[in-house]
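A.B. asks: Protein chains in written order, with our numbering: chain A, 1 to 281; chain B, 1001 to 1375.
Please note that a few of the clues may not be correct.
[As the list claims (entries may be wrong)] Computed footprint of chain B on chain A, listed as stretches where at least three residues anywhere in the stretch have a Cβ under 8 Å from a Cβ of chain B: (1) 187-196; (2) 257-265.
[As the list claims (entries may be wrong)] Quick list of the computed label-pair ranges, beta carbon to beta carbon: (3) B/1092 <-> A/266: 50 to 58 Å; (4) A/21 <-> B/1174: 21 to 29 Å; (5) B/1133 <-> A/21: 39 to 47 Å.
The hints are simulated quantities; they were obtained by calculation from the structure and are not laboratory data.
All residues carry an ideal CB built from backbone N, CA and C; glycine is no exception.
Each chain, written out:
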Amino acid sequence: MALFSRSPIAPLEYSRTLWMRLWVGAVMLFLYAPLIVLMIFSFNDSKRNVVWRGFTLKYYDKALNNDALIEALVNSLTIAALATIFSLILGAVAAVMLWRFRFPFKGAVDGTISLPIIVPEICMGVAFLMFFAKGLHWPTDLVWPLNLGAITIAHITFCFPFVTMVVRSRLASFNREQEEAAKDLGAGEWQMFRDVLIPHMRPALVAGALLSFTLSLDDFVITYFTSGPETITFPVKVYSMLRFSVTPEVNAASTILIILTVALTAIALKLQGVKAIAETH
Amino acid sequence: MTDAPPIIQIQNISKRFGKVTAVDNVSLDIQAGEFFVLLGPSGCGKTTLLRMIAGFELPTEGRILIDGQDMAGIPPNKRPVNMVFQSYAVFPHMSVADNVAYGLKIAGVRGGEVRDRVAEALELVKLGGYESRMPDQMSGGQRQRVALARSLVMRPKVLLLDEPLSALDAKLRAQMQFELSELQEKVGITFVTVTHDQDEALSMACRIAVINKGEVSQLAAPSDLYEYPANRFVADFVGSVNIFEGKLILDEPDKAAVDCPGLGKVYLNHGVTGPHGADVWVALRPEKIYLHIPGEGKAVKAAAQDAPDGHNFARGTIKGMSYLGDITLFEIELESGARLRVSRPNLSRHDQEDFTWDDKVSMHWRADSPVVLLG
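Modelling step: build the complete structure from the supplied sequences, incorporating the hints.
C.D. replies: Shown next, in the form of structure tokens:
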């Protein structure tokens, strides 16, 4: 608003003090400079990604015509979508269970449900490798998209605890009198759930879905261990391209992915209202 | 409403949470069309009792009949009662109209009838035109009206209200007390309200049940409760009161007297049917005590002539005063050292100038003013 107004700075108006602005600027630069450099160099007319040699879009053309890369991107998006849907259902149900009911070993379930968040990814990756290859003898020659099953299951495992966490914190703010009011007005258990509890949970469900989708989309370590030759995902593909050299093609592909995720997040926030997301703490 | 069967019969209801007894063997009949108030301090079990009528708590013992039907095993969503919650519990994601229509839709009412009944209910609570508002765009008082409309639209046999006015500011509360009584008369539905606020209870109720420690202390009409409290708890909880311990020295059909060490001899122009020489308590309301400047002796004598000489009379010193506008409250130290609270209406603009701190004053009260309490 009055960014350059001459009114005196109030004691708690830190955002108008010079050193605070400089500090914020420095933090922003530190956070976003690498991304901006990556995006700029995706337009660089040079094979080697070191010196600026002029503007071009040819690497976008190249990236979009790279069938292996596009296949990896489609794989990644499919896995992310599936993992999000299942994580959302599992995570929300787990959250409601833990919030609402008493059952045997509740403490144990409560304690272990977030374990996949804590366990180092490398351990999870190795564990999944052993589990699918040696334990289950999971077939690797299924048709698309069934061949993505192993990766999707692995992704669901580390995504759904995040959904549970977000939904639980949202449920903690639920006024139980609303549940009673619904029942008082004649609603049964299921109607109350549909008409009162789910609308209350919705911002957390949107936040949980966003978390799951992005976590799944950019996961490298666990995916690396669970993917087969036919099931390369985008991050794994980018990594393999890097082994030869950092070409602007990789930059172009990354830029597309960044724009895609930012756009998806923006749409979700728009649909839900940013305020509601913020309310989930 | 004498011959009609009670709309709610509470029969020997007890509710225990573990070792804590919240409601202890309560029996009550609530008549159809009545504005009934459960009054008591917080934690006395009044809300638990209300929630048992609604079906949100199950009684440990006893049974509840609504309109002659035993409510045992009937869940809240099947009971012919509706509740207005303390937090109002208006659904925040639904518009006012959707909130009010919710129960009707669940009940399978469709189309134009929903619209008509919602409009009618909103009109009843003076929220006509607010249909499309969202709850977060409304004040607390308006949200409460939404909650009221949402319940009334169901045309319940009984409307339960849990501390309906506790979240409102004083002015709005006074207005809503009036409006609730008016509304109740208009719709003719039995209202059962829980409150800890005695003003609220006195102003709205047909009958009040004073609850203490899970038991009904007294069940009476507001004026009876105030003027004829049955015990010390009721006398003290409803209104302000001076209570003195004493011995019953005279008890005949048309007169009685109590000798209170703190207050002197208290004479009553009716019998109290208590055992002679028993320990009793005398309750005297502050507004029933007349205050006189010393030297007004004759006036005092004349005024107190309905009691024998030396009775219903006290002398003391003003130790505290609080001017409240309409009345002034005095705290008076008696010659015995006991303290007496006296209120005096400021009938003229200069009345509050009559007395000041450390003034010696004398007091008297009429022979029908004190209440003798046996318990």
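A.B. asks: State for each hint whether it applies.
C.D. replies: Against the structure, the hints:
no., hint, in the structure
1, 187-196, "holds (count 5)"
2, 257-265, "violated (count 0)"
3, B/1092 <-> A/266: 50 to 58 Å, "25 Å, violated"
4, A/21 <-> B/1174: 21 to 29 Å, "52 Å, violated"
5, B/1133 <-> A/21: 39 to 47 Å, "41 Å, holds"
Of the numbered hints given earlier, the model fails hints 2, 3, 4; all others are met.
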